[in-house]
Structures are given as C-alpha cells and as structure tokens.
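Undergrad: Using the sequences and the accompanying hints, generate a full structural model.
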Amino acid sequence: MLLNFSFTDPPTPIAPPQLNSVGATYLWIQLNANSISGDGPIIQRDIDYRSTSGSWTDIQPVDSHQYKIGHLDPDTEYEIRVLLTRPGEGGRGAPGPPLIMRTKCGDPMHGPRNIEVVKIKSKQITIRWEPFGYNVTRCHSFNLTAQYRYAVGGQEHVGEEVCQDTGHIQPQYTLRGLPPYTNVSVKLVLMNSEGRKESDELVIQTDEDGK
106 MLLNFSFTDP
116 PTPIAPPQLN
126 SVGATYLWIQ
136 LNANSISGDG
146 PIIQRDIDYR
156 STSGSWTDIQ
166 PVDSHQYKIG
176 HLDPDTEYEI
186 RVLLTRPGEG
196 GRGAPGPPLI
206 MRTKCGDPMH
216 GPRNIEVVKI
226 KSKQITIRWE
236 PFGYNVTRCH
246 SFNLTAQYRY
256 AVGGQEHVGE
266 EVCQDTGHIQ
276 PQYTLRGLPP
286 YTNVSVKLVL
296 MNSEGRKESD
306 ELVIQTDEDG
316 K
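At position 129 of the sequence shown the residue is numbered 234 (this note's numbering), and the sequence of numbers has no breaks.
Rather than coming from a laboratory, the hints here were simulated on the basis of the structure. There could be a bad hint or two in this list.
For lysine-lysine, the following BS3-like pairs were computed, each having C-alpha atoms within a straight-line distance of at most 25 Å [said to hold, decoys possible]:
1) Lys292 - Lys226
2) Lys302 - Lys292
3) Lys224 - Lys173
4) Lys173 - Lys209
5) Lys292 - Lys228
6) Lys302 - Lys209
TA: And the structure:
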C-alpha cells in the first residue's frame, strides 16, 4: 500500500504593507500581499496592528487589497502587519514584516482654560492656567504663547512670548517689561503643526509705579 503525504508551508507575505495615506486618526494601507513565501491558495487575509507601546489588535477577515484602519490616536507610532491563511488545518501563516508609521498630529481640542492672575506688579503680570496634556494638545510637539497688547500715549503695543512648550509644562508665566498703571489685554494660544486654539481674552491693569 502506497501512502502519499503532502506537506505545505502556510503562506507569509514577503513585503510589509504599503501606506496609501495617513491622517491624525487613520492609516490607509495596501496589503501588498501578492508575493508570498509558503503555499496558497489564499482564502483569508487578516491585519494585525498596534501602537508601539500597546497590544495587538486583529482585524479579520479583510476582503479588499486596501484597508483603512481608523479610530487611532494622533501623533502615535503604529506597527501594521498582514497574516494570510490557506485551506486546511494549520493553514494560517506567520505575520509578514511590519509597516511602521506615525499618525499625524490632530488639531488641538480646545484653547487654554481658566486663566487667572497670580500676581500683579507695576511692570509685570503673572498668570496661570488649567494644566492640560496630550488629550488636549493631540500632539507631542506643541507650544503655548501669550499674546498681549496695551496702549500708551495713544500708540498700541503688541507682543508675543512663548510661555510653554513640549519640554516645559509649568502652567504659569510672568510677562515683564510692561508699563505701570496700564490695562493689558492677554490671551493664550495653543499651537501644534496642524492648528491652533485660543483662550478667552483677559484684561489686567498693572500697578502704579513703585509697587
């Protein structure tokens, strides 16, 4: 009696997925799974993805050669890989090489809130605001500027200073070099590469000279 055993290796993509487009909360990819090692025919395509600090999420099955992965976090690095399956037991192959890609930054959620005066002197004003994090900035790289204006002798003066950036998170800042006994209008502007959001404007009067 002649027994015929046939051994086949499950399929694995040779190349990583290709990126079609990227946004703040999505990655649109092409599976790029036509070239494989192992044996077909391919009956199912799955996508695994994760943030580089997270756990794998499995999307199965994927019917198209392109797929949009949504509901992602802005400015976050992700790994995406494709898994292929052939008929029969043990037919699911090992994951192919990953595509590693970062989503774009998102527009800030809102401007700085709850601005209040901490200290007033004749030539300086110290303000503070409600601390905020990544859930508001929607980007790991950002800055916060104080824009201010005042009028002296009928002439308006306008200034802008960076009071918080990616590496400095103290929610307080002092504007210096202001004229005494003058109304100063101040607002804070949160900016990243994709947009900006402003706070409400605050009008503060500096003290008389000598105070």
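Undergrad: Okay, which hints does this one fail, numbers in order?
TA: 3
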